[in-house]
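So the sequence shown is residues 1 to 468, counted in the UniProt record's numbering.
Read the hints as simulated data drawn from the structure, not as lab findings.
Take every hint as true, because none was put in to throw you off.
As a list, the in silico EDC-like pairs of lysine to aspartate or glutamate whose alpha-carbon atoms are at most 16 angstroms apart:
{"id": "1", "residue 1": "Lys-150", "residue 2": "Glu-234"}
{"id": "2", "residue 1": "Lys-397", "residue 2": "Asp-267"}
{"id": "3", "residue 1": "Lys-308", "residue 2": "Glu-234"}
{"id": "4", "residue 1": "Lys-313", "residue 2": "Glu-234"}
{"id": "5", "residue 1": "Lys-308", "residue 2": "Glu-239"}
{"id": "6", "residue 1": "Lys-313", "residue 2": "Asp-430"}
{"id": "7", "residue 1": "Lys-308", "residue 2": "Asp-369"}
{"id": "8", "residue 1": "Lys-305", "residue 2": "Glu-234"}
{"id": "9", "residue 1": "Lys-150", "residue 2": "Asp-369"}
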Amino acid sequence: MMDTPSWLSQCSESDFGSDAESRSGGRRRHSAVVYVLIVLAFLSVQFGHGSNIGVAVSLPGNSKAMNLALGSWVMVGVSMGLPLTPWACRTFGEFRVCSFCVVMDFLAMLLMLYPDIQLHQIYAVRFLVGFFEAPFLPYLQEWLARFGQKTWMVWNTILHAMVPLGENLGFILSQELVAAGYSWRWAFLGQTVLFAVCVTLCWLCGGRRYLDVSDENAGSFPPSPNRGEASEVEYPVTERWCVYWATNVALAAQLGFLCGCKYVIRDYAASLGFTVHYSILVFSAIALCGPALGGSIVMAGNVIKPHKWSHHKRTLLFLACTSAVAALLAAVLPYVPSNWFWPVMFACFVAAGGVYPASQGIINIALTDARVIEASVYQVQCNNILFAMPMPYAIGKAMDTWSIDASFRLVALLQVLAAAGFAFALLAADFTEERSTWNRWTQEPRSNSGSEVNLEETELLNDKDFLE
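Turn these sequences into a full structure, and let the hints guide you.
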């Protein structure tokens, strides 16, 4: 048998490598297109949540609690759907569950366009919307872990940036439509159309090959020829439950502050002498630009790397310091003069904006890569139960019972709780680490005594050998 010439084998190997690299590059480009469509669809979902808040604060009536309860019913639906998400994904598969919920969510969005819909009917519709949107974020976190491993930092930050962007766009547009004499249904019509178009294009461009995150679909993507290229995401060896829950609860309080401001800012700014139109525009600009500036620091990756567990202590230190600055600014907000109110609030939102992507990185990786969906489910459920679900009704009740001043101070208190939570998470990370300062102090005497005994035994053996 004739041997293959070395030059021919080298050429064939190089051709195979270049073909594999081109196929890998094509897959990355295709995944990027699907990702853009997913981001736009997720933006439309958050736009509906912001429109819901805009409708709640614009509805006529004497009871703020009943109007603001619109925001609560969405979170009640999410809280009811989340416990079923892990079981449904294990039983039917993530792709089937998410596809079914997308269709049902679209139908629920259409119900918001029903003519002469009453307040209690809106409660039921928003509950259905929240229930069928419950699996979306856990699925997206799993999708990013599968298809965005080498771009996880940027892609995850952009995805979660759609939350404040969509909410604030919906918050502005729905109130501007009502102020101009139009129906708020036009905002939900735009949301429904954008959602339907993005989901349809996503299915046509990606198909099951780029949307199914199950292990069975992993075989359709052969390994990359660049085997030395590692994933951006770095997980701990074992689950870090204490750090996870401390960060989780602190983030829930942080989101409670950012979202709670939307419910009180309209009336509180009016008490300071600002017009409703001016307050809506200025606050929406602050809520968009402030977190974007703070989040860009995290997204750059120069200060911290929240997607790498080896940097988790630095990330937690950043969270503790940043949230403390935001807490200080939030605490002085009720006492600053009216001409300084908006600049101080902008600085507060810039500081608070860096918290969300950094803490999201800790939460996503703290339970290892085997529990990505569970970590996302627990995070959303924790936020819903502690703050997002009861907060709209509680704020409305506070505004009915007390004053708008007291309600605003109550919202500012959530930022102080968030700062305390991140400080506790930093302490928990140190105490649960085997090489922490605390464990070194407590184990040092024992290790020193052991080393002294071993040293004495070694000296006796050396003396015995010398005598022999």
